[in-house]
Each structure stands twice: as C-alpha cells, then as structure tokens.
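Working from the sequences, and respecting the hints, build out all of it.
In my numbering, the protein residues as written are 1 to 164.
In case anyone wonders, no lab produced these hints; they're calculated from the structure.
From the three backbone atoms N, C-alpha and C, an ideal C-beta is built for every residue, glycine too.
Hints are supplied without guarantee of correctness; some may be wrong.
[Unchecked claim] Derived BS3-like pairs (lysine-lysine); straight-line CA-CA distance at most 25 Å:
(1) K137 x K50
(2) K59 x K137
(3) K59 x K108
[Unchecked claim] Cβ pair distances, simulated, as ranges:
(4) E64 x G160: 26 to 32 Å
(5) Q43 x G160: 17 to 23 Å
(6) P112 x R68: 40 to 46 Å
(7) A144 x A107: 18 to 24 Å
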Amino acid sequence: MRHFNGHGAVYWHFRNKQDILDAMLERVRAPLGEMLDEAAISQDSLTNLKHLCVIALSKLAEDEQYFRVYYILFHRNESDQALNKHRELAEEGIAFVTDIFRSPENAKKLRPGLSPELAGYLVHTQMLGLFFDWLAKPERLPLAEVAPILVETVFSGLLGEPEA
1 MRHFNGHGAV
11 YWHFRNKQDI
21 LDAMLERVRA
31 PLGEMLDEAA
41 ISQDSLTNLK
51 HLCVIALSKL
61 AEDEQYFRVY
71 YILFHRNESD
81 QALNKHRELA
91 EEGIAFVTDI
101 FRSPENAKKL
111 RPGLSPELAG
121 YLVHTQMLGL
131 FFDWLAKPER
141 LPLAEVAPIL
151 VETVFSGLLG
161 EPEA
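Shown next as structure tokens:
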C-alpha cells in the first residue's frame, strides 16, 4: 500500500494540476451556477444579473475558498491549460450574459446603438477587471461593501433612459 504525505495525497486523486484547478473551480462556481440558471429564466433577469454580480464580488471578498481559487486562476497559474480554462470560462460567461441581454424585454432597455453582444462583453470585462485587480491588491478597497455601487454603475452605463 502506498502512503502519501502532504500534497501527494491530493494529487493521487487527480491526473494533473489542471484537474485539481477544475475541481476547485467547480466547487466554488456550482452555487453561483444554479443562481445564474434561475436568473436567466426569471421575469426580471437584468435585476437578477446585477444581484448575481454583487454576490460574486462579495463572495470574492468574504469567502476564503472562493478568493484562493480565483487568486490561483488569475495570478498563480501560467500554464497553457490554465489559459485555455480561462478562455473557456470567459466564453461561457460572455454567452450567458449576452443571452440575457438578447431577450426582447432587455434588448429594448439597452443604450441606443449598444448591441446585446457588446453589452454582454462589457459586463464580462468589467467583472473580470474587478476580480483581477482586487485579487492583486485586496486592501485597495472594501469590495463587499462597494460591490453594489460598482455593479449599479456598470449597468447604468449599458442601459438607456427608463421609459416614462
């Protein structure tokens, strides 16, 4: 019988480091994934999407496991596999948000000239930038506290004037 100490016990269950990263990502993303699915089919999907963005930023600031996984993904992993995983997650995120903006009730709320595709890309890149930058220097700002105003500001730039 083989005996594993330290990291060996962890690696024994996985084929490689990428499998470990995938498992860690799945564990922190699963609860949000369920909420994302609900947001997409709800009556007020834009409000739910904003709420989910706030939750994601707050979790980053308040949940140690969530913080560690995303720190590894964004700041500690330079392998081609990690870059491919990052691209895969980016495409999934952009597609999901774009689909929300494509719904007729949401598309008509967009700023004139802004397509659902551009709106989805903008939300994704804003959230990505917040994650990346805050992970590099968490003491910069109290992310959980300011998450609502950050998200509201992002969305106010995407949406036209409310109908009277």
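Each hint tested on the structure:
no., hint, in the structure
1, K137 x K50, "holds, 24 Å"
2, K59 x K137, "holds, 16 Å"
3, K59 x K108, "violated, 31 Å"
4, E64 x G160: 26 to 32 Å, "violated, 40 Å"
5, Q43 x G160: 17 to 23 Å, "holds, 20 Å"
6, P112 x R68: 40 to 46 Å, "holds, 42 Å"
7, A144 x A107: 18 to 24 Å, "violated, 31 Å"
Of the hints listed earlier, those the structure fails to meet are numbers 3, 4, 7, in rising order.
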